[in-house]
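Protein chains in written order, with my numbering: chain S, 521 to 584; chain Z, -18 to 741.
Quick caveat, the hints were computed from the structure, so don't treat them as lab data.
In silico lysine-lysine, DSSO-like type, Cα no more than 30 Å apart, as pairs:
1. Z/Lys521 <-> Z/Lys502
2. S/Lys577 <-> Z/Lys398
3. Z/Lys138 <-> Z/Lys(-12)
4. S/Lys540 <-> Z/Lys728
5. S/Lys577 <-> Z/Lys565
6. Z/Lys226 <-> Z/Lys251
7. Z/Lys304 <-> Z/Lys265
8. Z/Lys604 <-> S/Lys577
9. Z/Lys30 <-> Z/Lys(-12)
10. Z/Lys402 <-> S/Lys577
11. Z/Lys601 <-> S/Lys577
12. Z/Lys639 <-> S/Lys577
13. Z/Lys63 <-> Z/Lys601
14. Z/Lys612 <-> Z/Lys565
15. Z/Lys124 <-> Z/Lys608
16. Z/Lys565 <-> Z/Lys608
17. Z/Lys402 <-> Z/Lys729
18. Z/Lys565 <-> Z/Lys639
19. Z/Lys275 <-> Z/Lys251
20. Z/Lys585 <-> Z/Lys138
21. Z/Lys612 <-> S/Lys577
22. S/Lys540 <-> Z/Lys729
23. Z/Lys84 <-> Z/Lys(-12)
24. Z/Lys585 <-> Z/Lys521
25. Z/Lys269 <-> Z/Lys251
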Amino acid sequence: MDEQMKTQTPTATLDNQDEKLGEGVGFERIRRITGYLVGTMDKWNDAKRAEERDRVKHSLAQDA
Amino acid sequence: MIRSIIKRDGRHVLYDQSKIASAVLRAMESVREGNAEDAARVANAVEAKLEALFPSKSPDIETIQDTVERQLMDYGYNDTAKAYILYRANRTTTRDANTALMKTINEITQEDAIDSDLKRDNANIDGNTAMGSMLQIGSAGAKAYNEMYLLRPEHAKAFREGDIYIHDFDFYHMTTTCTQIDILSLFHGGFSTGHGYLREPQSIQSYAALAAIAIQSNQNDQHGGQSIPNFDYAMAEGVGKTYHKNFLRILTDVVEDRLDADDLGDTVRKVVMETERTQGELAKLENKPGFDGKLANALSAALDINGHELLHLLERVRSRAWKRTDHETFQAMEGFVHNLNTMHSRAGAQTPFSSINYGTDITPEGRMAMRNVLLALDAGLGHGETCIFPIHIFKVKEGVNYNPDDPNYDLFRLSCKVSAKRLFPNFVFLDSPYNLQYYVPGRPETEVATMGCRTRVIGNVYDPNRQISYSRGNLSFTSINLPRIALESHHDEAAFYKRLDEMLELVAQQLLDRFEIQAQKHVYNFPFLMGQGVWLDSDKLHVADQIREVLRHGTLSIGFIGLAETLTALYGHHHGESAEMEEKGIAIIQHMRDFCDRKSQAMKMNFTLLATPAEGLSGKFIKQDQKRYGKLPGITDREYYTNSFHIPVWFPISAYDKIRLEAPYHALCNAGHISYVELDGDTARNVEAFEQVVRWMHDCNIGYGSINHPVDRDPVCGYVGVIGDVCPRCGRREGHRVPQNRIDELKKLYPDVVAFRGIE
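Bound-form chain S, shown alone (with noise of 0.2 Å):
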């Protein structure tokens, strides 16, 4: 998956009516930025991308 790719609006693709949807539209990946939320990580500044690469998901496991 390209991070980086721009999420497009779906019109911008519609030259070709008939057959097919979604060239070049990427998913909205919505994360927690600081405390507020963020629709695309095209917005972020380089430092929160890393960060945000970087996150390990914690485990539900009870510790003694």
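We have chain S; now place chain Z onto it with these hints.
Okay, now just chain Z, sitting in the frame of chain S:
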């Protein structure tokens, strides 16, 4: 004999000894060392030196200034020499800043945001748009001016070199950060936005619309996030008004239908009003037992229907009025959420940064409002997109919504369910001791609420009788580069604390300097915030008054970044790795909090300690520190410093341990704090598991927490959930195409599939 000198731009100008003397005198006066005669003596000595150095040609300005420095030191004017050096350094910075400013504006003008980190400093501003660029250029100009003219040289140096970071520096001389807007007081009697006057709202639709307008208006008076602390209590009033209208209208319709009449409106209204008067309450979602009986009797006396039948009709009226009000409330909440995601502020450059707090109103009206705002959040925007704003904050309280037999427990459960899908609400925990100490049942203004990324204002040293959330906020905040102090201290704990104390003093002074600028503003500078009495006690001021005294209700906050890297630099590992470091970490933050408390008492102002949000800051300090110290493992080897007191995002740890280890810092960081845990998508969608994590936060005395999990969306088929390489609904890969007939099939199965304009 010196006749001319060479300026920096290469021009020759006539030599004038008195200019040297007056520069020296200015430096002497700034440190109260020496007089005009002494200055003249130094100037003479400088001239003698220069004549020796330049027997036949003109000296350049840099050499002259070097000579002045040396002569000052030779004469023993050490403080003057220091002041002179600082003055020179700042002049140099000023010159560089002018060049840098033009370069910055060039980058804003020429580069696309995708290639310019500068243009993505704040993800909420679209640097590619006209108004976004205008805002960024204005911001760059204001920063350059503020650094040159408004900062003390030592503060400018600390800021420039990355010892401290002055947040929202572009707004330094203009305004303050944020406010909890008490919309109930604002609405009562109507208000003006600064552009027009609005009457008191009379329906839930108007309550919701004006709530959005209040946020938008205030966003133009302040630079930070705007928040409503009492969303539930305020919307409850709107729900009540809408219900009352529906009740009267439907009752009239039902009675008119029954009697085949069309002119009974006035009669019905009069009887209802009379019953309301005798019963001491308006018709509302749940009236006292017996209300409907009395009303049926009164109606029966006025109309040709018997009391028994009227009771039966009233049941139907109640049920219809409830349904209609519920429906209208949902629409109002949906409109509110859509509004806040689409409305613009600041000349169109930004969506207002908005928050709403709710959870504790147990009236049927408040509960209806909360259920519907949660359902609207759950439904998403027009194509099912997750709403970015407002931030929803659910206030968790034992006896109100935390335990299964609490009146709002169902709403707490619903909050967990919605948050598991949409990332909001976040959760504020009123039972944590440092929040509970302010809590007075029945006085919602004493409940802690948050705004922006995490800001919290409740304690009040300036006015201990007003320890409330409403109508107050942060004035400004500045963050300390903690890892730098640790690195400079070379594993010496005592040296670390000494440097930390110096830095805390420096920041406190800088915050007070900024306060002085803010305090000299007038009510008319803030037509909404102060002009409409949104800020505490501003309603007592005249439009031309200074805002100094009322501003003291706000907070001056000292923030920090990178506790984890600080501990690693000082002791070799961080607070996620050993019990010893748990203690060391708490000791550092406790030390900073103690400083804030002492400063608060000394100044009778609210100095508070902030776990800085650090969006733009996350990569700034570390870049400067990498230049100084290189890439040190576990300290400067990433692109960002770890946020505030957090356990590093890359460190493997269970959700429960992370919460337990971070909770003590919530008690210390009284200006604001938040803890997150990251769950994988499947776990987050298990609402039981989700609720268990929230309950663990409550039991560990976390102040403010939320759960992160991936929320992806395919804009082609509208699927919301976790998307790996392939969309689980339509089966396409990112950027790939999907056949139209597949979309048509999906559209039959899922109503949220996007309708493509131009095709249908």
